[in-house]
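Residue numbering for the sequence shown follows this note's numbering, beginning at 1 and increasing consecutively.
Warning: the hint list may mix true and false statements.
Stated by the list, open to error - Pairs of lysine-lysine, DSS-like flavour, derived with a Cα cap of 27 Å:
1. K53 with K111
2. K96 with K53
3. K87 with K103
4. K53 with K103
Hint data in this document are derived by calculation from the structure and do not stem from the laboratory.
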Amino acid sequence: MLHSRFLILLLVLPVVVGSCAEFEELATGQGAARASCANPMINRAIRHYEEAKTGLALYYEEQNDNRLFQAYYASADSVMTARRVGKCWDRRASHKIAYDNLKELNLEVRKIIRRNMPDAETAGLVALYRDQYEKVVQRRD
């Protein structure tokens, strides 16, 4: 008996609390404000772009390839985050312009990063030439 009353109270309580919140919205005429979506997304994309620039600068100081890869991924994250602004409910033309600018800036950063990336293909060519050299130089007895 006690358990059934407790169970009913546990099931009814969220409904009562939820309806009280809706009643307050109807009485005051103020609904819950929707959180802004586009501005935080653009700001996050700008932060990723700044991380990419910082990573590139640190690569030039330290000559560490990991910095270069981190900068490349930060640049890619910047473009992906800015692209998500198109799904936001509060987007404006200024957000589209900001997206286009970020896309262009990140394209330039990625070009610089790609120029400085270690080239795996040249290492393969060196290994290929080395193997051929060993075959040519070996004497047949």
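- Is it true that the CA of K53 sits at most 27 Å from the CA of K111? OK: K53 and K111 at ~12 Å, within 27 Å.
- Restraint status (C-alpha distance of K87 to K103 at most 27 Å): Holds, at roughly 17 Å.
- 27 Å Cα cutoff - pair K53, K103: 14 Å, holds
- 27 Å Cα cutoff - pair K96, K53: Cα-Cα ~22 Å, so holds.
In summary, this structure violates none of the numbered hints.
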